[in-house]
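Trainee: Construct the complete structure from the given sequences, taking the supplied hints into account.
Protein chains: 2
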Amino acid sequence: MLDIDRRTFIAGAAASGLLASFPRLARGATDKAVDLSPVYDEIAEQRSQSIERIQRWIQQPSISAQDIGIAECCDLTMDLLRDAGFGTVKKMKTDGHPGIFATLDAGAKQTMGFYFMYDVQPVEEKEWSSPPFAARLVDKADVGKVIVGRGAVNQKGPQGAFLAALHAVRAAGLKLPVNLVVVAEGEEELGSPHFSQVVRNDDVMKALARCQGVMMPAADQSLSGTVNVVLGAKGIVYVELEASGEAWGRGPRDGEIHSSMKVVVDSPAWRLVQALGTLVSADGNEPMIDGLTDAVRPVSSQQKKLLDDLSARWDDADWKKVFGVDRWVNDLDERAMLERYVSRPSVNIDGLYAGYIGEGSKTILPHRAFAKMDIRLVPDMTATDVLAKLRRHLDRRGYKDIAIKNMGSYDPTDTALEAPPIQTQLAVYKAAGLAPVIWPRLAGSWPGYLFTGKPLELPAGHVGLGHGSGAHAKDEYLVVEPAAGKKYLGLDGATRSFVDFLFAL
Amino acid sequence: MLDIDRRTFIAGAAASGLLASFPRLARGATDKAVDLSPVYDEIAEQRSQSIERIQRWIQQPSISAQDIGIAECCDLTMDLLRDAGFGTVKKMKTDGHPGIFATLDAGAKQTMGFYFMYDVQPVEEKEWSSPPFAARLVDKADVGKVIVGRGAVNQKGPQGAFLAALHAVRAAGLKLPVNLVVVAEGEEELGSPHFSQVVRNDDVMKALARCQGVMMPAADQSLSGTVNVVLGAKGIVYVELEASGEAWGRGPRDGEIHSSMKVVVDSPAWRLVQALGTLVSADGNEPMIDGLTDAVRPVSSQQKKLLDDLSARWDDADWKKVFGVDRWVNDLDERAMLERYVSRPSVNIDGLYAGYIGEGSKTILPHRAFAKMDIRLVPDMTATDVLAKLRRHLDRRGYKDIAIKNMGSYDPTDTALEAPPIQTQLAVYKAAGLAPVIWPRLAGSWPGYLFTGKPLELPAGHVGLGHGSGAHAKDEYLVVEPAAGKKYLGLDGATRSFVDFLFAL
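Chains A and B, in that order, are what the protein sequence lines are. Start counting at 1 in the first sequence, then tack on 4, and there's your number in my numbering. Start counting at 1 in the second sequence, then tack on 4, and there's your number in my numbering.
Just so you know, these hints were derived from the structure itself, not from any lab. One thing to keep in mind: the hints can contain errors.
Where chains are identical, the list cannot tell them apart; a pair therefore holds if satisfied intra-copy or between any two copies.
[What the hints assert, rightly or not] Simulated crosslink set (EDC-like; lysine to aspartate or glutamate; CA at most 16 Å straight-line):
#, residue 1, residue 2
1, Lys179, Asp330
2, Lys491, Asp146
3, Lys130, Asp206
4, Lys325, Glu250
5, Lys325, Glu260
6, Lys94, Asp143
7, Lys324, Asp258
8, Lys324, Glu250
9, Lys478, Glu260
10, Lys309, Glu338
11, Lys409, Glu363
12, Lys308, Glu338
13, Lys325, Asp258
14, Lys404, Asp287
15, Lys324, Glu260
16, Lys97, Glu76
17, Lys478, Asp320
18, Lys130, Asp389
19, Lys94, Asp384
Only a predicted model underlies this, so the values are computations on that prediction, with no experimental measurement involved.
Mentor: Structure follows, in structure tokens:
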């Protein structure tokens, strides 16, 4: 869920060019510099295999919402992990699509965790200029040579670059400086409803407890080349509210009836509308669910400083253009908007339905009405508490009959700027002459809370250079080779960024 | 639009059996009794042709909402009118589907108007037990032999019975005692958006001005045999409200965006929900549109008396069962419910839509949201005034950007109990031993206001016996031959009821 934000919530100053070989940074097991040039050579050498690996992964559809190719893609992902050197690769049953638990024992003192997902969003095939599962190499004007396909950037492409890094290290005859643990799921695009069943497995918990953090491979450069580093993400409560005559005991019980009856028959559609109206302020912008914001942690002075930095590098006009938005809520300026973005919860209507919505008129009194809603959570809110508060809020107002269906909810994640994997990441980028933008938090959501929350309380974040776009949309792509003059990296550079990160840990 | 109500808003006491030949009633041109038995004989004689005529009419689909078969059905309807003796049959162009204006000059002193419609509702073919345009004769358990098809009761069947009456009169060698004027439209199921262009034509207005009223052929008997006589119908304002980022200048302008943006971007979906919430009371039952009920005419003492009568013959449990409703609004008892039903306006949500409403979750902030709504009007409300009040209500609350699309609206109709066509109808039914239930008004709507309103100010209503059901729904039917012991009439009886009415005028 995070990716659209990461992809688009991007603007601002340009950063400098390509990564170069550089000495291993502070927190490794040794102070000796490691010469990574043989690895870089292998990366260039293995380019075509790396591209083919990503293409093969994309060519295996894995649409979790429609259960298309999930079993096959789970097996393929396990094969790809084994090929990359993971000694143990286990399929983890859940009540939904299976997860994966894999370990690579490098005999190192340190261990690092990575989060993978192997599912992708649905496609509207006719909208694509290149078929979504063909994974074609395409020359994209003013961007470069790209792989077009569903999963190209979210997340098969960046994960493929990560695996390419492991292949290159091995081919160069080097030993990985860290052991690796991968936990993967096939339901991220569904809101990770069963991923806790993977993470909470005893063996997995033991392996994760040894990790210094859990990172998600990413392609974190914007079109302008800016590198984004993210310290946290919002949690989410995704629910479907339903008002029905059957549950209410008023209004039509079994089916729609003629609308002329409204004068004497109660309406579940009106009931839903009136109940929804109590959840936000009149302008639709302030959550009004009783007690919802009680647990919101104030913005820290460190975060204020990061927001000042963010704001200073922010191109507000550019960002508004990306979203097709003319003004922010309450006509906030960019600094205030950014603070609100990272620090406040939101209550959104994702979908609304009742009765007849086709062409023309149909005079009916619908017997049911529903709303799909997401509530985004910031620390120290929890999904469990928010669900309870939503229920209580409705109950107090007499809406006990309105059903709340939890469609996949989880807590916010929060990682300290000082956390070793974050500091390592920043050091790697800075050593390469890049000037990352640091986000205290993105408003998107991913199940990182399973790592950052109790009992593991690990740092978690995203790492990786390169550029791609179109997650959840048509013509999703990952850049293999940037057009001339571009400041983001291609596949080789992205692969190098993972090597650099691992050797800097 | 009226028919579902008429079909289903029915219960109560049984009435007596078949019509018999009876003397012409008071208000004719002559006091002499007319022996109608030769006409009745012809009705029986022509039964198969009459059935075939209705079948042919149904077999020509004429779905106005989808523009299916409209042109062909207009021509067919004109042919059927000519065959039945109408000397002048004109197609009347409108900005939508064409209307029809037909006259039959019987050389009589009196003239009677009739309203026809030749369009039908859409079908969900797979739901039908017999194809909707096959017009098959089917033995329906506990009902009798019926014609099943779209339009069977709404309105091709009753109109077919009316035409059969004219054929039988001519075949019996009798002269019609009244001249006839028919005005027809092909957009009743769309809310008659252009029917005024037919009625307001100079020639049509002149012809209608000579009429003593305008009646709609119907099959006004319930399953229990009760005959319903209706003095009026509610008016309707059917609108589509739309909130959009584009019109608002806030929120996403061009398309949906990621829902995590809600925290800083305004939501048209919330805007619509909050605006809708101001239109009714918290329980969804009382219209709160500023000034909406100002023009509501109080219930008269005559109407109170009619409501007492209605209530006395009312089977509340039966009616609740028909609608699948356990209680009326405010837990009203039947007398209070009936008074509310006939005398109060209502504000209904017919449809509600925004964003993603498919399976599972999709995290989006929709750029538009809409509601289909109908407001039912009682005298002396007018559609024009209500539309203006709705606009003003929203404007006053700052919702100027919410678009109101008028999808077809018209005024209520009201005809006095004392009006000659009503009294004739009652006399005919009573002479046949039937005890009609008189409704001061139904909550359904039809464009009768074009006749009852200025400048014509004619009585208007519905006339005709027989039984059918399923208007707007699957397996619509008209009874051709009732099952044993049933108290409603079959096609012959329905046809006789039109003959009786015409000769009693």
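Trainee: Would you mind marking each hint as holding or not holding in the structure?
Mentor: Right, here's what the structure says about each hint:
1. Lys179 - Asp330: neither (52 Å within a copy, 74 Å between copies)
2. Lys491 - Asp146: within (12 Å within a copy, 80 Å between copies)
3. Lys130 - Asp206: Neither: 45 Å inside a chain and 52 Å across chains, both beyond 16 Å.
4. Lys325 - Glu250: Answer is between: at 14 Å across copies they meet the 16 Å cutoff, but 45 Å inside does not.
5. Lys325 - Glu260: Between copies, since 14 Å is at most 16 Å while 42 Å is not.
6. Lys94 - Asp143: Classified as neither: same-chain Cα gap 38 Å, cross-chain 64 Å, threshold 16 Å.
7. Lys324 - Asp258: Between copies only: 12 Å across, 46 Å inside.
8. Lys324 - Glu250: between (44 Å within a copy, 14 Å between copies)
9. Lys478 - Glu260: between (36 Å within a copy, 13 Å between copies)
10. Lys309 - Glu338: Within. Shortest intra-copy distance 14 Å satisfies the 16 Å Cα cut-off; inter-copy 68 Å does not.
11. Lys409 - Glu363: Classified as between: cross-chain Cα gap 12 Å, same-chain 30 Å, threshold 16 Å.
12. Lys308 - Glu338: The answer is within: 13 Å in one copy meets 16 Å, while 64 Å across copies does not.
13. Lys325 - Asp258: between (47 Å within a copy, 11 Å between copies)
14. Lys404 - Asp287: So Lys404 and Asp287 pass the 16 Å test across copies only (14 Å; inside, 25 Å).
15. Lys324 - Glu260: between (42 Å within a copy, 14 Å between copies)
16. Lys97 - Glu76: within (15 Å within a copy, 61 Å between copies)
17. Lys478 - Asp320: Neither way: Lys478 and Asp320 sit 25 Å apart in one copy and 56 Å across, limit 16 Å.
18. Lys130 - Asp389: neither (42 Å within a copy, 46 Å between copies)
19. Lys94 - Asp384: Result: close neither inside a copy nor across copies, 34 Å intra and 75 Å inter.
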